[in-house]
Amino acid sequence: MRLFLMNILVFISIYMFVFVVIVFKDITPENHYLRAIEDKTRLVQTIKGQKILLIGDSNLPFGIDSKLIEDSTGYNVVNTGLFAGMGLQFYLNQFKENIKANDLVIISVGYNQFTDRFYGSKKLAFVLKTYPHYLKYISDYAQIKNILKGFLNIPLSYIKKTTFKFEPGAGKYSSDNFNHYGDYIDNLSQNSTFKGTTKSIKLEINKKAIPAINSFSQYIESKGAKCYFSFSPLPKSLYQINRTEFDMYEKQIQAQLSVPILGELHNYVFEDSLFYDSKLHLNNIGKNKRTVIFIKKLKEHI
Amino acid sequence: MLFNSIEFAIFLPIVFFLYWFVTNKNIKAQNSLLLTASYVFYGWWDWRFLSLIVISSFVDYFVGIGLSKTNKDRKRKLLLLTSIFVNLGFLGFFKYFNFFSESFAEAFTLLGKPINATRLNIILPIGISFYTFQTLSYSIDVYKRKTASTKDILAFFSFVSFFPQLVAGPIERAKNLLPQFYTKRTFEYEKAVDGMRQILVGLFKKIVIADNCAIYVNDIFSNYTDYSGSTLLLGAIFFSIQIYSDFSGYSDIAIGTSRLFGFNLMRNFAFPYFSRDIAEFWRRWHISLSTWFRDYVYIPLGGSKGDTWMKIRNTFVIFLVSGFWHGANWTFVVWGFINACYFLPLMLLKQNRKNTDIVAAGKLLPNVKELFQIGTTYFLTILAWIFFRAETINQAINYLRNVFSMSLFSMPENGSIKVILLVTVFFLIEWIQRDKQHILQFDKLTCPKIIRWGIYYGIIFLIIGFGGNQEEFIYFQF
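Chains A and B, in that order, are what the protein sequence lines are. Residue numbers are given in this note's numbering: position 175 of the first sequence equals residue 178, and the series is strictly consecutive. Residue numbers are given in this note's numbering: position 468 of the second sequence equals residue 469, and the series is strictly consecutive.
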């Protein structure tokens, strides 16, 4: 037994040593896309006056023109959306303390935030490795599991040079490309690569996702703020081929979500040609169209 | 709890430590620990279904005691029927109720008298097909006086719920596993090390091979109307590899884990894709289930004795029942039927026990004849797997129709060189190690420690770096 345990111990120690050396070697580029999390957090903490806080995944920076919202509503706007891999649960935890009376909070996430991405992905580990102080926004065991898996993946991602690559952006995103609202302002129209999709998907809603939004809404309403939900944009090809699934998804959200919903899912279905590089990212024309609809629906409520 | 989960990575060392360092002085304490650990392991999914295991264990324990106390045939039969009724009753209700209800309704509709099917919202308890067969085999063996009944309730309950093999086998026989709970287990270094290696093999098969294949299989089978024949064929090949790696991977982890606790489980897979005919394939695939059906269904029906019609009947019965065991869907029955059709000619021509040795034993490569036989057998199994994977028989037929179209001769549109490479290397290693119990069984003298550890690190690296996303094991649904 002693020999067995010794061997196991030595084996694991060698592994851990190499692992720790590799993992904590910081090779994150200065302008890495995820570094924008710090800028966005700062923005939320420092902005004065009544604000509209947009919370969600990358459909927001790649699909909302915050200036247009600000001009139309008179509210200051902060677009906090960054990356689906961090998960809706993380976002809700991250911003709830910064919401003040009379703020409007609009949650807009892609359908996968209600399914397999509610707790984020392995990429959460990359955020925490660079900015350990975000650990305080980890509240669920499923998030911890994703982080552990992510840490295990770090050495390999260095070797594959995919450390901070973003599917499907192939590493070209940069934290330099956010404007002072938090929108992504690269030339999204000229470089469109999205070709549409014909893939069938299954939408099984995580049973904790909707109650999490409801409870978040309850909390911020107790502070005098108001919460809304808006669907993310969807490419027509994906919507049409999965119509039944999306109808069921929308029905479930309408039935269970206790916050007002800004419009219906079909309002946010756009031609494939209006998308940039993925099913959640719009190009500049798409961004504008979506924002106009978004504002119209928001004004019906405020 | 899944073998490939963080929970299990924490659970296993804790149980191992308690087993060898806290409860090691007393066999009852060790069995109590195993029983508790097994219930925690199972209850992690849904503790409510633990009651089924407990009831099943109680019934078979008392049936065993009852059988040992009486020689009266009528009473013995009644006791055996009680065990069969309870175990198959659970299985029938939880797994097959909706299927039978819908099938009856469809049959009446076809006869022109449409009726509505009563559908219950039933959750299928994980592993129910495995542990009910295990407990059932105990009662049947005691009834047939092949095994002595036990009075040790703790040992018996631990035998029924032994966590490494509780939810997906190997389906153990009381004759092999139960006595191991009576005898003191001593820690054996070689056995534990080999167990660890086998766990590593299982994780590799599941996480690297099966889960990566699953990505393409799921996509190709969901969108089969959009793909060319060559892509569909690749999808079917990937599925054959996925189901093998997934299930044999689970068995490897189960066997390896048991060895850490001093137990020996039966072998469940013996490199089945190197079989030269279907009969050999079935001696190498899911051995614990095949032998279960052989011993408890096929032989009692007369086996291969009797006239030709009896042989044909028995062959079809065993394959159809085996197919149905896998799931409440006609696709599984058709899969069983196809395999029966493959097997029957061999049996009628008395060729079914022709290939009982290891293919190309002692040689590096097979000869042309063996290669042809292996290729043909593998191809036949792939065709049958399409029915196993499809959601409906119609889907399987259309899938097959699309495979055998002109587009079969085009380049596949889906698939990954990385996965094909991994699978190829994996099967090459399987080929080299085909005379061993598993692919990491080394001869210490010819393979020094530095190389062995290098291989282990390499495998861990692949598991962490190249693992797919699917987490559940396919056989949990059965």
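Quick caveat, the hints were computed from the structure, so don't treat them as lab data. Honestly, I wouldn't trust all of these hints.
[Unchecked claim] Quick partial rundown of chain A residues pointing at chain B, CB under 10 Å, derived from the structure:
id: 1; residue: Met4
id: 2; residue: Leu6
id: 3; residue: Phe7
id: 4; residue: Ser16
id: 5; residue: Tyr18
id: 6; residue: Leu206
id: 7; residue: Ile208
id: 8; residue: Asn209
id: 9; residue: Lys210
id: 10; residue: Ile213
[Unchecked claim] Each computed DMTMM-like pair below joins lysine to aspartate or glutamate, with the alpha-carbon atoms no more than 25 Å apart:
id: 11; chain 1: A; residue 1: Lys132; chain 2: B; residue 2: Asp74
id: 12; chain 1: A; residue 1: Lys198; chain 2: B; residue 2: Asp227
id: 13; chain 1: A; residue 1: Lys132; chain 2: A; residue 2: Glu73
Even glycine gets a Cβ: it sits at the ideal position worked out from N, Cα and C.
Hint-by-hint comparison with the structure:
1. Met4: holds (5 Å)
2. Leu6: holds (6 Å)
3. Phe7: Since chain B brings a Cβ to about 5 Å from A:Phe7, closer than 10 Å, the hint holds.
4. Ser16: violated (12 Å)
5. Tyr18: holds (7 Å)
6. Leu206: violated (13 Å)
7. Ile208: Violated - the Cβ of A:Ile208 stays beyond 10 Å from chain B, reaching only about 18 Å at its closest.
8. Asn209: Check failed: Cβ of A:Asn209 comes no nearer than 14 Å to chain B, outside 10 Å.
9. Lys210: violated (14 Å)
10. Ile213: violated (21 Å)
11. A:Lys132 <-> B:Asp74: Not OK: A:Lys132 and B:Asp74 at ~71 Å, beyond 25 Å, violated.
12. A:Lys198 <-> B:Asp227: It holds: about 16 Å lies between the C-alpha atoms, which stays within 25 Å.
13. A:Lys132 <-> A:Glu73: Outside the cut-off at roughly 34 Å; violated.
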